[in-house]
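Which chain is which? The protein sequence lines are A and B, in order. Residue numbers are given in this note's numbering: position 37 of the first sequence equals residue 37, and the series is strictly consecutive. If you count the second sequence from 1, you need to add 1000 to reach this note's numbering.
Since the hints were derived computationally from the structure, they do not count as laboratory data. Glycine included, every Cβ here is placed at the ideal spot set by N, Cα and C. Careful: at least some of the hints might be erroneous.
[As the list claims (entries may be wrong)] The calculated lysine-lysine pairs, modelled on DSS-like cross-linking and capped at a C-alpha distance of 30 Å, are:
no., chain 1, residue 1, chain 2, residue 2
1, A, Lys148, A, Lys34
2, B, Lys1397, B, Lys1433
3, B, Lys1406, A, Lys231
4, A, Lys25, A, Lys64
5, A, Lys180, A, Lys151
6, A, Lys147, A, Lys34
7, A, Lys3, B, Lys1017
8, B, Lys1357, B, Lys1027
9, B, Lys1027, B, Lys1017
10, B, Lys1327, A, Lys82
11, A, Lys3, B, Lys1406
[What the hints assert, rightly or not] Here are the simulated distance ranges between beta carbons:
no., chain 1, residue 1, chain 2, residue 2, range
12, B, Thr1231, A, Arg205, 50 to 60 Å
13, A, Arg212, B, Glu1279, 31 to 41 Å
14, A, Arg205, B, Glu1199, 20 to 30 Å
15, B, Gly1418, A, Gly97, 26 to 36 Å
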Amino acid sequence: MNKPARGSLLGIEHLDAKEILGLLKLARRMNPLKARPLLRGKRIVLLFYEASTRTRSSFEFAAKSLGAMTTLVQSSGSSIEKGESVLDTGYTLRAVGADCIVIRHPSAGAPHLMARHLDIPVINAGDGMHEHPSQALLDAFTILKHKKSFKGLQATIIGDIYHSRVARSACHLLTKFGVKIILCGPPEFVPDVAATLAPGLRVTRHIEDALRGTDVIMLLRVQKERLAGQKIRLQDYIARYQMTTARLKLAKRDAIVMHPGPIIRGLELTAEVADGPQSVIVDEVHNGVPTRMAILARALGKAK
Amino acid sequence: MLTGKNQRRESASLLIKGGHLIDPASKINAPMDILLRDGRVAEVALPNKIRGGADEKFDARDLIVSPGFIDLHVHLREPGQSYKETIATGTTAAAAGGFTSVCTMPNTAPVVDTAEWVSWLRNAERGAVVNLFPIAAATRGSRGGTLTDFAALQRAGAVAVTDDGKPILDDDVMRMALRLGAELNFPVVQHAEDSRLTENCSMHAGPTSFRLGLRAMPASAEAQIVDRDVTLAQQIRESRLHVAHLSTSDALKAVRRGKRARARVTCEVTPHHFTLIDENVGEYDTNFKMNPPLRSATDLEAILVALADGTVDAIATDHAPHAPHEKQVEFERAAFGITGLETALALAITKLHREQKIPLPRIVELFTAGPARVFDLHGRGSLARGNFADVTIFDPKKRWTFEAAKSRSLSHNTPFDGWPFAGKVVATIVAGKFVYRLE
Chain A
1 MNKPARGSLL
11 GIEHLDAKEI
21 LGLLKLARRM
31 NPLKARPLLR
41 GKRIVLLFYE
51 ASTRTRSSFE
61 FAAKSLGAMT
71 TLVQSSGSSI
81 EKGESVLDTG
91 YTLRAVGADC
101 IVIRHPSAGA
111 PHLMARHLDI
121 PVINAGDGMH
131 EHPSQALLDA
141 FTILKHKKSF
151 KGLQATIIGD
161 IYHSRVARSA
171 CHLLTKFGVK
181 IILCGPPEFV
191 PDVAATLAPG
201 LRVTRHIEDA
211 LRGTDVIMLL
221 RVQKERLAGQ
231 KIRLQDYIAR
241 YQMTTARLKL
251 AKRDAIVMHP
261 GPIIRGLELT
271 AEVADGPQSV
281 IVDEVHNGVP
291 TRMAILARAL
301 GKAK
Chain B
1001 MLTGKNQRRE
1011 SASLLIKGGH
1021 LIDPASKINA
1031 PMDILLRDGR
1041 VAEVALPNKI
1051 RGGADEKFDA
1061 RDLIVSPGFI
1071 DLHVHLREPG
1081 QSYKETIATG
1091 TTAAAAGGFT
1101 SVCTMPNTAP
1111 VVDTAEWVSW
1121 LRNAERGAVV
1131 NLFPIAAATR
1141 GSRGGTLTDF
1151 AALQRAGAVA
1161 VTDDGKPILD
1171 DDVMRMALRL
1181 GAELNFPVVQ
1191 HAEDSRLTEN
1201 CSMHAGPTSF
1211 RLGLRAMPAS
1221 AEAQIVDRDV
1231 TLAQQIRESR
1241 LHVAHLSTSD
1251 ALKAVRRGKR
1261 ARARVTCEVT
1271 PHHFTLIDEN
1281 VGEYDTNFKM
1291 NPPLRSATDL
1301 EAILVALADG
1311 TVDAIATDHA
1321 PHAPHEKQVE
1331 FERAAFGITG
1341 LETALALAIT
1351 KLHREQKIPL
1361 PRIVELFTAG
1371 PARVFDLHGR
1381 GSLARGNFAD
1391 VTIFDPKKRW
1401 TFEAAKSRSL
1411 SHNTPFDGWP
1421 FAGKVVATIV
1431 AGKFVYRLE
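Construct the complete structure from the given sequences, taking the supplied hints into account.
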């Protein structure tokens, strides 16, 4: 087993604040509309074992805006269907000529496995319930567009944190800059152990407590099928944790509302909140492309 | 018999001279010479007091001489999975680790649930180089439903029954197993895991599993089953319950409760559970994935106390070899288990003796008299005169580094590759014959 190749991005947890700021600075200089052939001739494989709209299309646009070639490999319609292992798929893609692999996988740690055995950078585009580092970076990018700095900020994350790689990456990233984070939801979704993930985390069951005076509100998608096995009923969840215009008033006046998508209107938030003036949900998607351009440029050593 | 000049004659007698004998069952912890003859212990005496010659002598100066180690829990993968391990390779690894007897688990392919398979395992053609004691399945196919024919399995040479790898979950089935075991004086070994709480789980539930985003097994999944089983063992007179690979503080509490009530409850602990904790999984290293999983620091502390105070009866390896393609996969998909035969003594000496200051006689007891009592291995676990001539000789001070690539096991799935150790096996003797000698 080896160390991951330079430029790999497996998670936020082990990045330091300086590296994160470097990536965000680079992202600000990236313009998807102005092609910059930094990665001309490079081959980037988008290896997706799970469904994705936002992450996949923005990584592809990001790669192409930098002049790289991309190919999409999905579990259906590839040798993965025939039982090829993750490692063998990695070796195959390397042999085909991949310079970098962007991987999304339902199993936590799958990108780490690949990175330990390949000599090319591996980018984690979401692994199971573990991390989604490019999402955390684009969220940080979005926050910094609306807030001057991370200093003194308070963030609130509401929803199914247990199952959420977005939440884990966001917690790691924001707490590295001293942001205080309140995690809110029923125990099934926000177990007490969640507070041990990073310093500066607090768990509460009450949305009013979670929202009072907060600067950033991050909502997570609630998967109905996950509520099925739980004690809490869908109607109870909506009554206690749905983001409404009335509840939004508890937060700071200039608080922003974020959501990694896909959103389910009428469940974790109302349509009024989703489309309201404080919502930056569409902006997040938009920021996904320059952020991922920065990640790919760093991966392939063209980060200047 | 060949007696040509250059033909090495089979030694009928062996004198082990100058060593320090630790034989807890005989309450000996002193310099002693030992004479082995015709596969038995012929004499144990103060230094230089054994008269008459021996065919062969072994100089045990500066070494500890101990009854042969007994491992209550190994997976040697035969029948059916000889790509992971065979009885021949597994027992060779056992010999190198100082084990003169191993008890094999029945979760093979097929499951060892008949007297025929028990006999097949014990057949000399399997090529075992140390004593092999089969543990048979407690239920047919280890499916947890119908009990196997305990009496026939016992007659064929099985030393206990278990559905290891899986628990005997159903209350009634466990009760019937303990009842039948009580009639036959036959131990029932439980893999304590409430599998209803551990579906799709790959490690211990705590801050590390949350951080890694892995579905995880709560400590209570083990403790609840041990608690139930101890209660059953208290209710059923003469029943014998052995808790395999105990890993949690709460399960220890249940075992203590049973022992205080004089129920026949015993338990074993693995070297990895007294050495490592869940945090050591690092970034999804599948060589740290086993079942029961590595637990919390609090659980480890409780295990160390129980090893020292006598609550734990035996150290057992749960040696579980797997091929690379079963381990070099996503953590959640990787097979459970690690190898352990060749690192057990070194871990015990390094961790328990040097670091925790547990005296050597207690450690030797956990490898010898303790396990011999658990499964009634008569004539083993002690070097009293007349007993089997199974001896382990080790150097408790010897420094060495374990290299997985040099392991005798067919598989190399160990978390201890490259670990520096103190304590090494120098020679292993089964029935008076060397089966391993350090070069």
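Hints, one by one, checked against the model:
Of the supplied pair hints, the one linking Lys148/A and Lys34/A holds, its CA atoms being roughly 26 Å apart against a limit of 30 Å. For the hint pairing Lys1397/B with Lys1433/B, the CA-to-CA distance comes to about 25 Å; that is within 30 Å, so the pair holds. Restraint check for Lys1406/B and Lys231/A: not satisfied, since their Cα atoms lie roughly 52 Å apart, outside the 30 Å limit. For the suggested pair Lys25/A and Lys64/A, the alpha carbons sit about 20 Å apart, so the restraint of at most 30 Å is met.
A C-alpha spacing of about 10 Å is found between Lys180/A and Lys151/A, which places the hinted pair at or below 30 Å, so the restraint holds. Distance check on the hinted pair: Lys147/A and Lys34/A sit about 26 Å apart at the alpha-carbon level, within 30 Å; holds. For the suggested pair Lys3/A and Lys1017/B, the alpha carbons sit about 50 Å apart, so the restraint of at most 30 Å is broken. With a C-alpha separation of about 20 Å, the suggested pairing of Lys1357/B with Lys1027/B holds against the 30 Å cut-off.
Between Lys1027/B and Lys1017/B the CA atoms are separated by roughly 19 Å; this keeps the pair inside 30 Å, and the hint holds. Restraint check: the Cα-Cα separation between Lys1327/B and Lys82/A comes to about 19 Å, which is no more than 30 Å; the hinted pair holds. Restraint check for Lys3/A and Lys1406/B: satisfied, since their Cα atoms lie roughly 23 Å apart, inside the 30 Å limit. Between Thr1231/B and Arg205/A, the C-beta spacing of about 35 Å breaks the proposed range 50 to 60 Å.
Between Arg212/A and Glu1279/B the beta carbons are some 35 Å apart, a value that agrees with the proposed interval 31 to 41 Å. In this structure the hint that Arg205/A and Glu1199/B lie 20 to 30 Å apart at CB holds, the actual value being about 26 Å. In this structure the hint that Gly1418/B and Gly97/A lie 26 to 36 Å apart at CB holds, the actual value being about 35 Å.
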